[in-house]
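These are the residues of each chain, in order.
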Amino acid sequence: MDKGKLNISNMIIENGPEAKREDSEDLVEQALNKTYWRSFKELYNDPDFKDAVKYEFTKESEEKPDLSKLSGISRRRFLALMSASAALAAAGCSNYKDKGLVIAYNQKPEEVVLGLPNYYASACTGCGSACGILVKTREGRPIKIDGNPDHPVSKGKICTKGQASIMNLYNPERLREPMFNKLQTSWDEANKNIVNELKSASSSGKEIAIITHSVLSPSLKKLLDEFKVTYPTAKIYSYEVFNDTPKQNAWFKSYGKRTIPALQLDKAKVILALESDFLGNELNQIENTRLYSQTRDVMSKNEFSRLYAVEGAVTLTGTNADYRIRLRTDAIEEFVICILNELVNRKKVSAFAADSRVTSVLASYNLNDFAAKYYLDLKSLNQLIEDLTKHQGEGIILAGDKLPESTHIAANLLNEVLGNTKLYSSESENVELMPLSTNDELSALDDNMQKGGVGVVIHFDTNPVFHFSPDYNYAEALKKVHTVVTLTEEISESAELSGYVLPINDPLESWGDFKTRTGFYSLQQPIIAPLYNTRQKEAILLNWKDLEKPYNEKIYNDYIRENWEKNLYPVFGSLAPFNKFWLTILHDGVALVNEKSESAGTFSTGAFAESSRMKAGSDFIVLLQNNNSVGDGRFASNGWLQELPNPITKTVWDNYAALSPQAASEIGVNSNDLVEITLGSKKQTLPVFVQPGLADKVIEISLGYGRTAAGAVGTGVGVNANVLISKAPAITERFYNNAQITKVSGTYEIASTQEHYPIDSDPLLKDIQYKRGIIREGTYEEYKTNPKFLKEKEGRLNLQPINKPPVYESKDYTGYKWGMAIDLNKCTGCGACITACNVENNIPIVGKDQVIVNREMMWIRLDRYYSGTPDAPKTSYQPMLCQHCDYAPCENVCPVVATTHSNDGLNAMAYNRCVGTRYCSNNCPYKVRRFNYFDFRDHFRDSIQYAEPLDLLANPEVTVRSRGIMEKCTFCIQRIMKERQDAIQENRKVIGSNVKTACQEACPAYAIVFGDVNDKESEIAKYREHELAYSVLEEIKVLPNVTYIAKLRNVLEESK
Amino acid sequence: MKKFLLDYGIKVRLPIILFVIIVSFAVTYYVSYAERNGIGYQPEQPIAFSHKMHAGDMNIDCQYCHIGVEKSRVASVPAVNVCMGCHAISRADKPEIQKLTQYYNENKPLPWKRVHRVPDFAYFNHSVHVNKGLACEDCHGEVQNMDTLRGNPFKSIGQVSSFTMGSCLDCHRNAHEKFPNLPNLNRGPENCNACHR
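Residue numbers (the working numbering), protein chains in the order written: chain A, 1 to 1056; chain B, 10001 to 10197.
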């Protein structure tokens, strides 16, 4: 054995690192000419980072527990108590053989087979997209949410929030009973009193205000209209913190209507994103990602698209762009007009060149001057202009939702000029059932409240106290309203200030119908009966509208059915009787309908000529951003989302003011220092996070944090940046200029996972540790001229397979063998895979303090590498998970043989055998093993994860791990075993492509492929044979079974 | 004299003591095998249900009641409405059936005592074993003959085989010797994640 170990180390030195060390300088220059860095600490070789590389377990994670925090009970007393309780327990047990009970159903529903899942289609209501979802249930309880494959928009995929929202259903802190002035009351009592208030307000002419989020449901709209008939003084207000209003207004001015057509991004050859995070946090990101990734498919013959991003913030879209142009956000409008001038006045593209109203506006702008003023690289700008001209009608310009109307109009004009309107879908456009309230309308409500003209305010599952701009002084205004009713699932800032707090059903307990686009309706059905004494929010309104009708669980269901039968069913022209039709669409979760969208009108040049221009300043800009975790704050109590690393900064459990390195050094701050941001009279103090790639003088802050009433998990996480919002913003609600920023005393530690589990270890390899080919990239040009270019580089790295090392047991893998391929061309780094894995594999939340000491438990780590300079870094994403190496180094160091290899190529982990030596993690080259330092379910926030009914959330097919156990990705062994079970049942062979891992199922970009690598016809086998396929750390020759497809950047020159 | 005692102690007493310890350990180990592994465990059930009468005398197929066994990981204990499929009419006058009817009418589940159990960290799969041709009796014994074994009608079913990891592997390793009548049977998987995950 010893001899064997000696041999392998010799072999590695002979063939691998030794060979590289000899001509390392050469290789650095020639083969993999890039330095990748993940943080400033790494770039500048900070001692902290060196420690992180050198020591698997950080000093903090190895720290002895703080004795003062332990129980003061003495050892003697503890033993005495233990023996007493053991004696009691022994006396209490009548039969040590007792195995408990088997409780069978009394009347088993026909569709339930114990041990097998059932799936139900429904709709997600986490944001304004209303994506179709498919909910997996076991024995009647929902355990996982995925996209509905039949849904025309989501097509089987769902974002991080949708995936994790299942935890909200089982949140132990959900409200369970109706409350009046913080005392429990009954529904009948509450309803009776509220209806009296509604009647008296209505008869005395006082306003009844219902404040809701965007109304997407036709039946809810009908209900609200009827409610207004019953109570004539009722008014409906709707708001969204993250909305498309400037874009819609611009569309109205340009084309005379507010409904924006869907985009055929998959047909785009050139995409120009102007401060637009269409792949990240803007509405419809799931469809956008799917369509965009289709233009990045190395398996198809189609040309790659080219993505340009012009942005001040650092977004997922920008970091995925081929060309990222760093520009102050308030200069973007000027940039667009310069481009327009270049195209229309110089190149005479399109008929607009003859329109003097357009050309006269454009004439005063010049791209060259502009580029000089903002130090832009003229070469890439010219490249952009050339691409736009070359691909007329095959490009698209997207403007972000933070930009003002005038910029959107300019972007619309640019699309018109280039004939890109061809990419607007003629079949599908967005539908707006009820426009959001304008700021003027909300101000009028506010004034009326202050004057005492409002009798009843109903928060219809909204939280305006937290969301509204401080200009409204909404919390004060609420005090002048006689009756305040909040319908909510969980406690919130608005509920705190309300007389009546009525608990409502979770979306998974609710009925609904949604209309977001032409061509289809989405249906929502309850997956589980209400867990508590809650009612659906629509049913409550319905009940108030007509109190004579007794309440039952079905009243809103009946209402929707009736609405459909009378109003919508005739539109479908279905041959099936209504009952059958209704059950069919409920089953499918979606109802397709033949609808023509109105054709877009002609572009009104007047809109462009007359719109006011955004002036670029030189002061600090504040951008208030959406995020992929807590949204506008409504997911604050969801620990999975709070702990999901931000895709770019990798921070968890916090928001912060992101500053560029230049700006930070000007103010004299570093990450974790506190700054005060002043916008006029508004102030907020936040910690700084220095973000490479941010435009200078741009401050990026995420909204949705700083909740003060969000339960044990969400309260006090981050800082509330809503207080910076103005009700009459100069530009838009989430984009301000003329901000002041000053350093204030104190620091605040932000938890970030970006340096955790770094893959480099050997100090001998110091000089080339960043060049080990963990990330391999090339350009699309290179690939087209020589598809084998990557392998040829590899050859020079001497990566020939070695003979089988003698310490490993021989396996021939004659049957099926599992493997995964991750296409880095498609992966955008969104993090949907991480959340899906968390839900599927019962991964606990550990809390911020534990993340700081390197103990996060997520099985997939989405590595983000920067290369180049801190000002304009290039970004590479790489999901890193257990590689299931054929010669797995973890296996032969385990002293208790808890981790072994199976005949189908899996690296298995037997939890019940593990004693927690952590040798395996120490020996893992990829650092993908996770150790349970605590029973984290018990350790986090007074063991809230063990509180009822959160235990119902656990996937019954996966063990819930306890303290002292090592764990890691299993390639979803439970799903593999299910396929094996099905194969045996159907008397066939195991088909690799039938197994879909949770991450694969969730990936909106279809970047993950899984299957049987011995099946040569399968997709996975083709990916493994692909010219761009590589595995990470090939030179150590452990033969990993996760194959990465090298990223190709569609840039012209060789990227340096 | 001292030397003699020492000699006596080492040469005679010690071997006797060791012999007694080893023999009693071996005997206890052997005798307690069934006890330790739960063989013969026969808890008192809430209803005096006889497998002998149903599966033996009347020859009702196991899967008539245990419907999950071919499709799912768990065989599943029948719901009360399955019993009532026959007993709404058949033998409705017997006291045990009336007890059953009462559960059904009150919509209460029947609290059967669990007889067979594998630990939580082991994921046994009925479906793959049954679909490979293994009979229920191979693990559960001759259930069709189990009836009031000790004169107590409430103790009608018991465990006959050991359900330890050793017993699992015994079949998995020696599938062909154990089941010569199933020539197409493969050797059972022995990798950890076949059962542990």
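Some hints here could point you the wrong way.
What the hints assert, rightly or not - Calculated pairs, BS3-like style, for lysine-lysine (alpha carbon to alpha carbon, straight line, at most 27 Å):
(1) A:LYS554 to B:LYS10108
(2) A:LYS221 to B:LYS10094
(3) B:LYS10108 to A:LYS267
(4) B:LYS10108 to A:LYS97
(5) A:LYS348 to A:LYS301
(6) A:LYS99 to B:LYS10108
(7) B:LYS10099 to A:LYS99
(8) B:LYS10094 to A:LYS97
(9) B:LYS10099 to A:LYS989
(10) A:LYS235 to A:LYS580
(11) A:LYS222 to A:LYS580
(12) A:LYS99 to B:LYS10155
(13) B:LYS10108 to A:LYS108
(14) A:LYS580 to B:LYS10132
(15) A:LYS108 to B:LYS10052
(16) A:LYS545 to A:LYS206
(17) A:LYS192 to A:LYS566
(18) A:LYS989 to B:LYS10113
(19) A:LYS811 to B:LYS10052
(20) A:LYS99 to B:LYS10003
(21) B:LYS10003 to A:LYS978
(22) A:LYS996 to B:LYS10052
(23) A:LYS99 to B:LYS10113
(24) A:LYS811 to A:LYS784
(25) A:LYS108 to B:LYS10178
(26) B:LYS10132 to A:LYS978
(27) B:LYS10113 to A:LYS97
(28) B:LYS10011 to A:LYS97
Claimed, not checked - Between beta-carbon pairs, the in silico distance windows are:
(29) A:THR584 to B:GLU10096: 36 to 46 Å
(30) B:GLY10141 to A:PRO550: 26 to 36 Å
(31) A:TYR119 to B:ASN10105: 47 to 57 Å
(32) A:THR584 to B:TYR10033: 29 to 39 Å
(33) A:GLY573 to B:LEU10185: 51 to 61 Å
(34) B:GLU10035 to A:SER943: 54 to 64 Å
(35) A:ASN118 to B:GLU10177: 51 to 61 Å
These aren't lab readings, by the way, just hints derived from the structure by calculation. For glycine and all other residues, C-beta sits at the position ideal for the given N, C-alpha and C.
Results for each hint:
Note on LYS554 of chain A and LYS10108 of chain B: the hinted pairing holds, with a Cα-Cα distance of about 24 Å set against a maximum of 27 Å. For the given pair, LYS221 of chain A sits about 59 Å from LYS10094 of chain B by alpha-carbon distance, which is inconsistent with the 27 Å threshold. This hinted pair does not check out: LYS10108 of chain B and LYS267 of chain A have alpha carbons roughly 59 Å apart, beyond 27 Å. Of the pairs offered as hints, the one joining LYS10108 of chain B and LYS97 of chain A holds, with about 26 Å between alpha carbons and a cut-off of 27 Å not exceeded.
Of the pairs offered as hints, the one joining LYS348 of chain A and LYS301 of chain A is violated, with about 33 Å between alpha carbons and a cut-off of 27 Å exceeded. For the hint linking LYS99 of chain A to LYS10108 of chain B, the alpha-carbon distance of about 21 Å falls within 27 Å, and the restraint holds. Restraint check: the Cα-Cα separation between LYS10099 of chain B and LYS99 of chain A comes to about 24 Å, which is no more than 27 Å; the hinted pair holds. Distance restraint check for LYS10094 of chain B and LYS97 of chain A: the Cα-Cα separation of roughly 31 Å exceeds the 27 Å cut-off, and the hinted pair is therefore not satisfied.
Restraint check for LYS10099 of chain B and LYS989 of chain A: not satisfied, since their Cα atoms lie roughly 47 Å apart, outside the 27 Å limit. For a cut-off of 27 Å, the pair hint linking LYS235 of chain A to LYS580 of chain A is broken: about 37 Å separates their Cα positions. Between LYS222 of chain A and LYS580 of chain A, the direct Cα distance comes to roughly 24 Å. Compliance with the 27 Å bound is thereby established for this hinted pair. For the proposed pair LYS99 of chain A and LYS10155 of chain B, the alpha carbon gap of about 15 Å is at most 27 Å, so the pair holds.
Distance check on the hinted pair: LYS10108 of chain B and LYS108 of chain A sit about 12 Å apart at the alpha-carbon level, within 27 Å; holds. Distance hint between LYS580 of chain A and LYS10132 of chain B is unfulfilled; the C-alpha atoms sit about 40 Å from each other, more than 27 Å. Restraint check: the Cα-Cα separation between LYS108 of chain A and LYS10052 of chain B comes to about 25 Å, which is no more than 27 Å; the hinted pair holds. Distance restraint check for LYS545 of chain A and LYS206 of chain A: the Cα-Cα separation of roughly 17 Å lies within the 27 Å cut-off, and the hinted pair is therefore satisfied.
For the hint linking LYS192 of chain A to LYS566 of chain A, the alpha-carbon distance of about 30 Å lies beyond 27 Å, and the restraint is violated. Among the hinted pairs, LYS989 of chain A with LYS10113 of chain B is inconsistent with the structure: their alpha-carbon atoms are about 38 Å apart, more than 27 Å. With a C-alpha separation of about 48 Å, the suggested pair LYS811 of chain A and LYS10052 of chain B falls outside the 27 Å cut-off, and the hint is violated. With a C-alpha separation of about 57 Å, the suggested pairing of LYS99 of chain A with LYS10003 of chain B is violated against the 27 Å cut-off.
Between LYS10003 of chain B and LYS978 of chain A, the direct Cα distance comes to roughly 71 Å. Violation of the 27 Å bound is thereby established for this hinted pair. Simply put, LYS996 of chain A and LYS10052 of chain B have alpha-carbon atoms about 44 Å apart, too far for the 27 Å limit, and the pair is violated. A threshold of 27 Å between alpha carbons decides the hint, and for LYS99 of chain A with LYS10113 of chain B the separation of about 7 Å falls inside it, so the pair holds. Restraint check: the Cα-Cα separation between LYS811 of chain A and LYS784 of chain A comes to about 38 Å, which exceeds 27 Å; the hinted pair is violated.
The hinted pair formed by LYS108 of chain A and LYS10178 of chain B fails the criterion: a straight-line CA distance of about 37 Å is larger than 27 Å. Only pairs whose Cα atoms come within 27 Å are accepted, and LYS10132 of chain B paired with LYS978 of chain A is accepted, the gap being roughly 15 Å. Note on LYS10113 of chain B and LYS97 of chain A: the hinted pairing holds, with a Cα-Cα distance of about 11 Å set against a maximum of 27 Å. A C-alpha spacing of about 43 Å is found between LYS10011 of chain B and LYS97 of chain A, which places the hinted pair above 27 Å, so the restraint is violated.
Roughly 45 Å separates the CB atoms of THR584 of chain A and GLU10096 of chain B, a value that falls within the hinted 36 to 46 Å. Evaluation of the 26 to 36 Å hint for GLY10141 of chain B and PRO550 of chain A yields a failure: the beta carbon distance comes to about 56 Å. Separated by about 33 Å at the C-beta atoms, TYR119 of chain A and ASN10105 of chain B break the suggested range of 47 to 57 Å. Checking the proposed 29 to 39 Å range against THR584 of chain A and TYR10033 of chain B shows it is violated: the Cβ atoms sit about 59 Å from each other.
Separated by about 57 Å at the C-beta atoms, GLY573 of chain A and LEU10185 of chain B satisfy the suggested range of 51 to 61 Å. Hint check: GLU10035 of chain B to SER943 of chain A, Cβ distance near 37 Å, so the stated range 54 to 64 Å is violated. A hinted range of 51 to 61 Å is violated for the C-beta pair ASN118 of chain A and GLU10177 of chain B, which are about 41 Å apart.
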